[in-house]
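Peer 1: Okay, here's what each chain looks like letter by letter:
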Amino acid sequence: MAANANTNTNTSVKTKVNIKPRKVPALIDRPMSFCPGCGHGIIIRLIAECLEELGQDDNVIFGIGVGCSSLLGGGLETDRLHCSHGRAGAVCTAIKRVNPDNVVISYQGDGDAYSIGIGETTSAAYRNERFTTFVVNNTNYGMTGGQMSNTTMPGQKTTTSPDGRDCTTTGMPLRFPELVASQFDAAAYVARGSVSTPANINKTKTYIKKALEAQLSGEGYSVVEILSSCPTNWGMTAPDAMKHLDQAVTPHFPLGEFKTRANEQREVK
Amino acid sequence: MSTVKGEMIKGNEAIAEAAIRAGARFYAGYPITPSSEIMEYMSWRLKEVGGAFVQAESEIAGINMIIGSAACGVRSITASSGPGISLKQEGMTTLSDEELPAVVVNVVRYGNGIGTLLSAQCDYHRETRGGGNGDYRCIVLCPASVQEAADLTVEAFDLAEKYRMVSVLMTEGALGQMMEPCVLPEMQAPKRFEWGFDGKYTNKKIGIFDRDSMKEAVALNAKYNKVKETEQRWEAQHIEDADYVFVAYGMPGRATIGAVEQLRAEGHKVGYIRPITAWPFPEKAFEQVNPDVKGYISIEANATGQLVDDIALTVMRQGKKKGSDCSGGSCPAPVYCNPHVYGVPSTKAIMEDYAKVLSGEMKEVY
Ligand SMILES: Cc1ncc(C[n+]2csc(CCOP(=O)(O)OP(=O)(O)O)c2C)c(N)n1
Ligand code: SF4
Ligand SMILES: [Mg+2]
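Residue numbers (this note's numbering), protein chains in the order written: chain R, 1 to 269; chain L, 270 to 635.
So here's chain L without its partners, still in its complex pose (with noise of 0.2 Å):
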C-alpha cells in the first residue's frame, strides 16, 4: 500500500493501518456493517507483516482471542459495531480484570437490538461505562476525523499499554466509510511486552481463588484517578468569553465546530468543546470556561442525549467548586440537549439548536 504524504483513505483503512504500523501483529474478529474494512484489511495486512489474523466464528470468540494474544504481550486490535460490540463485552470485562491492554474499535450504528447501519452515537454510555459485569473502565477516543482516527489508533494502544487497560476507539459509521487525506503514522518494530506468557513461567500469577479483591480494589481505584487526572484529551475554543458553550464529539463535533464560526462570524459569543476522550471526560476544559456562561448545548446522535449527563455532571462538579449554592443568581449553568438520532447534524440545524436555545424553545435537560 502506497502512502504518499496526505494520501486519500477510508477512515476504517486508515485504522487499520495505522495499527499496523503501531505494531499491531493480531486481529480477530467477525465480520459487520460499517465496520467490516478494517477486518478485510487485516485480513491480507497482517499476513504481509508476519502477523495473526483469525476470523472468529463469533465476537465472543474474537474477544476472548484477543485475551489470549494480549496475555502473550503482543498488540492486538479487534473492531466491530452495534450488536458485535455486545457480544464483546464479556472479553472487555476479563481484558480489564487481567490487566491486559488492548484495542477495541467500536464503529457505531445506530439502534438497539440488532440495530441499523446508520451511522451514530447512540453507544455513549455504554462506552463510557462498561457494558460488562463488575465495575470497570476503558479509556474512549472518539476521533472526528480520518486523520485523527489515525493517530487515535496509536495513541490508543499507548495509553492501553501504559494503564494495562482496554482502550475503545469510538468512531462512527459516517467517518469509517468517509475518505479523507491523512498522513498515516511512521512504522514502529512491533513490541512484545516482558510481562507476556512464554511458556517459562517467568511472570508469576496467582490464581482465582487466592485473590484480594479489597486491595485490588484500591489499586484499580488509584489507577482510574490516574487515568482521569493525566489523560483528558479534547479541543475547545472561544470559550473564555462565551455566552453559550457547544459540547459535541466525533463527527456531529465537526459540524458544531463549523456553526459555532459561522455564528461567530455572525456575532453571537459561542464556543465549543469536543471531547477527544469520553473516558475520562475533559472535565478541565470546563474549568477554562467564561464563569458567568449562560448555558450549554450537547449535540449528539443519538436518540436520548448521553453525553449531556457528563456535561451536567461536570458543570455541577464546577459549580460546587466555586463554592456556589445557587442562592446569588450563580447556580451551575443549565445544559440543553438536542438528540439528532443518527447521522451528522448539518450547520444548520446545529444553528437552529441554538436560535431554540436563545428563544426558549428548548427547555433545559439539567
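Okay, chain R solo, but in the shape it has when bound (with noise of 0.2 Å):
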C-alpha cells in the first residue's frame, strides 16, 4: 500500500455521510513503492499525521533503516539520512545530542534494528537517548526476499528457514519493547502497536503519538514497535496477512503499552 494512495483530496463527488476528506501529510507527498498490502505504508503515514498534529512536520530528523524503510528515502520530504544496515541507533544518538531541538526519529524494520543493529539499538535505549526509534516488525528480512530474522516466528518457514523456524537452534523470537520498559529504568515511553484491524492502527497512532510527545517534553528515549504486514515475503493475500498478524504474529508479540509517560500531562513545548 503506498503511502500516498490517496491524494486526491478536493474531491467533487458529494457525499451524504461526513466522511472527513483524507489529506497525505506533506511530509511523504511522493509515491513509496511498497508492495500491496505493506504495513510500511500505514506506519509512516501515523508517523507524517503524528508529525503534522504536534506541528512538528517542518522540524524533524529521520535516520533511515536499510530494508524496506530504504524506500521512505525517495518518498519523504523531510532531512533524513540513509544509515547504515542497523546502524540508525548511532546515528540519531548523535543528531540528536547535536541538534537537540529537531524531533529525531529511527525508523528500522526489525532485522535492521533487532538482528544487524540490535548493538546500536539497544545501546540508544540504554543510554537513554532523547529520540524515538519505530521498528516494523514483519518477521523477517522484506527487502532481500524474505530471510530469517531475529522476531521471524516459530516454525515460520522463511528462505533461510526453509523447514519452518527451528529455535532450539535459532533462539525464540526477540521482544525488544520488553527488553527495554523491564531493563532500561530511564526509558520515557515503549509500547507495540499493530497495523492488522482499523481499532489497531487507530491506537498505534496513539502510540506513536505519545512516544513523539515523550520525545518533544525531553522525557526520554520512547520507542514503539508495530507488527506489520510482509504479504509479499509470507506468501499471503493482503488480507490474509493482516488476519495472519493478529492470529499468529500477535500472540507471541503483546499488543499495548508496556512504559506509559511518567508525566503525560505536561505540557508539551
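Calculated from the structure, these hints are not laboratory results.
These numbers come from a predicted model, not from an experiment.
Mixed in with the good hints, there may be bad ones.
[Said to hold, decoys possible] In silico DSS-like pairs for lysine-lysine, Cα to Cα no more than 27 Å straight-line:
#1 R:Lys23 x L:Lys469
#2 R:Lys209 x L:Lys469
#3 L:Lys469 x R:Lys205
Please assemble the complex out of the two chains, which come individually in their own frames, going by the hints.
Peer 2: Here it is as C-alpha cells:
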C-alpha cells in the first residue's frame, strides 16, 4: 500500500455521510513503492500525521534503516539520512545530541533494529538517548527476499528457514520493547502496536504520538514497535496477511503500552 | 588547560586540543591503546566548550555517530587504532558516499588482527586506498612531530570541509605518547555548516534509489583529481643533486632526516622526501629530484613495505614523462625498501640501510 495512495483531497463527489477528506501529510506526498498490502505505508503515514498534528513536520530529522524502510528515502520530504544497515540508533544518537531541538526519529525494520543493529538499538535505549525509534516488525527480512530475522515466529518458513524456524538452534523471537521496559528504567515510553485492523491502527497512532510527545518534552528514549504485514514474503494475500498478524504473530508479541509516560499531562513545548 | 607558548604536551592530547580549537564540537568513539588519550581528553574538554561527547558501544557505533553529527554540519572527530579503525571502515565509506566531512585519527599500532601495542606504519595501504567498500579516497595526513600533529589536525578539518571528504590523521603510537613543546593553534569559533540538517529540509536530498551513479562517479573522480593536483604536501631537502633519495613519513621520516644530515656531513650525496600527505601522494616532489638519481630508498615501519609501491609508481610515471624507454640507460631509478617492521628506526639503522644499498646487499624492490 503506497502511502500516497489517496492524494485526491478536493473531491467534488457529494456524499451524504460526513466523511472527512483524507489529506496526505506534505511530509510523505511522494510515491513510495511498497508492495500492495504492506504495513510500511500505513506506519509512515501514521508517523507523518502525528508529526503534522504536533506541529513538528517542519522540525524533524529521520534516520532511515536499510530494508524496505529504504523506500522512504525517495518518499519523504524531510531531512533524512539513509543509515548503514542497523546503525540508525547510533546515527540518531548523534543527531539528537547536536540538534536537541529537532524531533529525531529512527525508522527501522526488525532485521535492521534487532539483528544487525541490536547493539546500536539497545545501546541507544540503554543510554536513554532522547530520540524516538519506530521498528516495523514484519517477522522477516522483507527487502532481501524474506529471510529469517530475530523476530521470525517459531515454525515460520522463510528463505533461510525453509523447514520452519527451529528455535532450538536459532533462538526465540526477540521482544525488544519488553526488554527496554523491564531493564532500562529511564526509558520514557515503550509500546507495541499493530496495523492488522482499523482499531489497531488507531491505537498504534496514539502510541506513536505519545512516543513523539515523550521526546518533545525531553522525558527520554521512546520506542514503538509495530507489527506489520509482509504479504509478499509471507506468500499471502493482503487480507490474509492482516489476519495472520492477529492470529499468529500477536500472540507472541503482545500489543499495548509497556511503559507509559511518567508525566503525560506535562505541557508539550 | 594553560597553553603557554611551546608548552610540553603529549601528541595525542595536542591533537585533541587542536581539534577543540579548530571548532570541533562532537566526538564519539571507543577506547583503544595507543589512541585513548584523545578520547579521554575529549570527554571533559568538549563539556567545557559546550560540545557533545559520546562513549560509543563500539567503533562501528562511534563512526556512525560521527555520520549523524557531520550530517548536522558540526565539526566532528573520532580516533582509534588497529582493529578499531578496521571497524570504522563501514562509516568511512558511508561518510565518503554522503560527502560528509569528518576527521578520523588513526594512531597506528602494529599488527594484523588484534595487533600489538607497538608503534608502526602498517596501515599505509588501508588509509591511502580506503578500507571500506566502493571506490573512494580519504585525505591522509602524516605528522612527524607533536607540533605538526596539532597543525595538521586543523588542516584536516579545513581540507575535509573544502572537499567534503574524510580526512585521516595517520599518526603513530610513538608520536601519540611522546611529549614535545608545541604551540597550539588559535581558538576558533565553532562552525555550523549551512548544509547541515536543521529539521526544515532546507537542503534537498534525493533517495538512494533515485541516484545517478554515473554522473556522481564522474563528479567524484573530478574532485579527487583536483585534490591530487592541489593538495600534495611534503618536506624535501638535498634532492636536486642527490644520488640517492630517501622517502619516509611520520616518525621514521623524522629519523631519516637525521640520517640524511649525517650522511651529507660525511660527503654522501643523499636527500630525502618526507610525504606529509600520503594521499594525495606528493608526486610533485619527485619532479625536483636529480634526473640522474641512482635510486630511492623507502624507510618504513611495517612488515612488507607499502609506501614503496607509491614511490615506484611515481618514479615509473616520471620516467614515462621524460619519454624514457629504458633503452638508453635512463630507465626509472631502482626503488629499495627496508621495512623496519615496528618502532622508529634509529639514525644508525637507516645509515646501515644506505650502506647495504651501496654494497649491493640490499636488492631493489622495483
Ligand atoms: C551490511 C549489510 N548487510 C546486509 C545487507 C542486505 N540487507 C538489506 S535490507 C536487509 C534486511 C532488512 O530487513 P528488515 O530490517 O526486517 O526490513 P524489512 O525489509 O523487512 O522492512 C538486508 C539483510 C545490507 N544492506 N547491508
Ligand atoms: S517486501 Fe514486504 S515489507 Fe517490503 S514492501 Fe513488500 S510487503 Fe512490504
Ligand atoms: Mg523486517
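Peer 1: Now tell me, hint by hint, if it's right for this structure.
Peer 2: Hints, one by one, checked against the model:
no.: 1; hint: R:Lys23 x L:Lys469; in the structure: holds (21 Å)
no.: 2; hint: R:Lys209 x L:Lys469; in the structure: holds (20 Å)
no.: 3; hint: L:Lys469 x R:Lys205; in the structure: holds (23 Å)
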